[in-house]
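Residue numbers (numbering that gives the first Met the number 0), protein chains in the order written: chain A, 0 to 229; chain B, 0 to 229; chain C, 0 to 229; chain D, 0 to 229.
Among the clues, some could well be false.
Remember, identical chains collapse to one label, so a pair may be satisfied in a single copy or spanning two.
[Claimed, not checked] For lysine to aspartate or glutamate, the following EDC-like pairs were computed, each having C-alpha atoms within a straight-line distance of at most 20 Å:
hint: 1; residue 1: Lys178; residue 2: Glu164
hint: 2; residue 1: Lys155; residue 2: Glu171
hint: 3; residue 1: Lys178; residue 2: Asp112
hint: 4; residue 1: Lys146; residue 2: Glu182
Hints are computed from structural coordinates only; laboratory data are not their basis. Remember, predicted model here, so these are calculated numbers, not experimental data.
Here is what each chain is made of, one letter per residue.
4 protein chains.
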Amino acid sequence: MKKTKTPNKRARNPKAKGPMSPNGTRFAEAAAWLAGIGKEFHARGWVLGTSGNFSAVISREPLRLAITSTGLDKGTLAPGQFLEMDETANVVRGDGRPSAEALLHLAIVRGVDAGAVLHTHSVWSTVLSGSHAAQGGIALEGYEMLKGLEGVRTHKHREWLPILENSQDMIELGEHVSKTLRESPGIHGFLLREHGLYTWGAGLQEAKRHVEILEFLMEVLVRSGAAQST
Amino acid sequence: MKKTKTPNKRARNPKAKGPMSPNGTRFAEAAAWLAGIGKEFHARGWVLGTSGNFSAVISREPLRLAITSTGLDKGTLAPGQFLEMDETANVVRGDGRPSAEALLHLAIVRGVDAGAVLHTHSVWSTVLSGSHAAQGGIALEGYEMLKGLEGVRTHKHREWLPILENSQDMIELGEHVSKTLRESPGIHGFLLREHGLYTWGAGLQEAKRHVEILEFLMEVLVRSGAAQST
Amino acid sequence: MKKTKTPNKRARNPKAKGPMSPNGTRFAEAAAWLAGIGKEFHARGWVLGTSGNFSAVISREPLRLAITSTGLDKGTLAPGQFLEMDETANVVRGDGRPSAEALLHLAIVRGVDAGAVLHTHSVWSTVLSGSHAAQGGIALEGYEMLKGLEGVRTHKHREWLPILENSQDMIELGEHVSKTLRESPGIHGFLLREHGLYTWGAGLQEAKRHVEILEFLMEVLVRSGAAQST
Amino acid sequence: MKKTKTPNKRARNPKAKGPMSPNGTRFAEAAAWLAGIGKEFHARGWVLGTSGNFSAVISREPLRLAITSTGLDKGTLAPGQFLEMDETANVVRGDGRPSAEALLHLAIVRGVDAGAVLHTHSVWSTVLSGSHAAQGGIALEGYEMLKGLEGVRTHKHREWLPILENSQDMIELGEHVSKTLRESPGIHGFLLREHGLYTWGAGLQEAKRHVEILEFLMEVLVRSGAAQST
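Throw the hints in and build the complete structure from the sequences for me.
Shown next, in the form of structure tokens:
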């Protein structure tokens, strides 16, 4: 029967992952956290116009992520609007389609063993990723704020924020992300050109901290005249 | 009797459009939505000083719009302050006068079959519509954020945001708007010079998304130095 | 007895102005409104660091104003912290000292028959009143937003915003204000150099609208490059 | 017994400092105030990414400070997350580690007899402390807003805001702070290069007022073009 060969997404939702299972609890906690982040980032203008997407790992074996559904206003996310997806971006819980960029989330989770991935579209990242595209990235150095990035101990740290060419081909872009993570070990985020920031953390608090720090430092650069001088 | 020849607006309010009719429900829903949009846009500084106006189509046959009453603080709109107007901008429900720009809302609803029209006065649109007036518009190209505009599939899309000369003659300006919509099919909004942005959508969520996206991209342009370079 | 010759301010508070009198009601309403304005303006950064002061006329004969007490955080004003003062800036209700600038409020109320006076210290007014001090004022022309100023009917209106030299001598400055209001009939506000904006209205809503409009237009000028070009 | 020789921090917490003691009350009040400041400053973008730290003196003899614990999101501080530390930065109440910069708080409390010390990381202070590092500080002069700084009576006041080289050696930096306070009597704050602002007050309200004023004036300088002209 054709019906059983192409089960709909709801039917594939395994009962063992119901709301009372350990995964269910982690899923609900992650969704509540991500909804709160959406509200705060939307107020700051970092995820306007349904832009941006967020995910959190809720199981490693097998790999499962809670992730935002595509096309929603990030300022009014309800926990019930989140999806659970597996290691191939198939939805295993919830209704809706994950962001087209789900493959980038998976590439990051695998590439740096992240527990949460946050993607924002701020004015600052859009401006700087355009003005500095030819340099291939932005160097952040000398700022105390850098110490908030996991593992950084001094303001003398030099953080390289690579800029990747934007693309609508997510398989190609996912491979580009994986390659960047391999070739630039120790980075805490990257920009897609005239698109936005990707950053991550071991958990959601760390990932949120990294967004705040990198957005802050990009604003500092633009206000220091960096976008005009290149 | 003179009284019956010049009925006041309340008297013309047909009973069939009372709060329990289908139109009444749609009117109430639209008013609640628009009041929420007003509060959010006022906080962002997009509709200061009673500027801006919002409308939503609540019936096509005959054409009826819920629209903001003129002269109110958009940060504290109550649903009861909205008006229902017909296809000639006559008020058929509620007390007050619709915005002088009601004719522009009607021109847009007819010209692009919009379900909602939102008009904001942001700093960014005021600056850019002045600096780029001689070019007749602003080109937005290469930004991922463009994909949030209905029907746009790639950041390589080139969006043209026409700038119309401002005027206090609403009949003339309405005709100018209609002509612009005919001659520039596929646009998602336009600017009135040193006045503000008009955008729209099939529904209120789409129209709000378009405001956020176009305001975002105008801020990006100004912060990239576009307003100084022309 | 010396005590009766120098009555404290509480003792002079006439019983006829108690909370249940018409003045008392108007005082309470004005105080509640002004507290709300303080919270909103503080959030926008227009009255940081206890700066700014607000007043509203609650009686014409004799002249009585509700006014902010000096030295308070405008973001957390309680209605009980407001003062009522007479035509010589003496406190007739409430504890505390009115702002040193109470004389400027009185000069404006008399000079233009205002019902409310609002004074803000924004970044935009501080920057522009410094950059344009040599010109004696700022011309605002061509902006649709000007139509929100009482009595203005077209964006072609030219609004002159005089800049007065700042001073700590309030009697001298009050006379300067009175002279400016006589010599520039029709203005809607003025700046004190590197200090801030004064504007007013027939009532509190109109005065608040004028603050939002003038602050908006000053931000537009600075972001258009006006502060750098002079 | 080794256990008594190296008591853990909780064990050293003297019973006399319990929640019902005078110190306990002052500690609880200070913690509640500082949590509120954290929420407000985080919303303004002045303490993003767990940056910033706050303290208040709750006892002079012996010296005891309520201080933020390191590594927390300043937008969601709970009063129970604050620490009480003694004159050598040892924790005597609460769980957690005080900020590495606790020594700077102590140097300021001793150097200028402050009752509260607030440290922020704003975009404005980061930009200006970088652009003006070679001058050794920033002069603020002619602004009415200066009068909000304790003891300042006129806008003609010239406030010097020293810029200290940033360092991760807190003992060295604390000595540098003490030296600066001795050599520049009357200052109301100082900057650490590309790091942020330190300011203080006799109490928490005064310290908060000083943050708002100095942040405001730094924003004015950057928007007036100061960061580009040096």
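Hints, one by one, checked against the model:
{"no.": "1", "hint": "Lys178 - Glu164", "verdict": "within (13 Å within a copy, 38 Å between copies)"}
{"no.": "2", "hint": "Lys155 - Glu171", "verdict": "between (35 Å within a copy, 17 Å between copies)"}
{"no.": "3", "hint": "Lys178 - Asp112", "verdict": "within (15 Å within a copy, 46 Å between copies)"}
{"no.": "4", "hint": "Lys146 - Glu182", "verdict": "neither (23 Å within a copy, 30 Å between copies)"}
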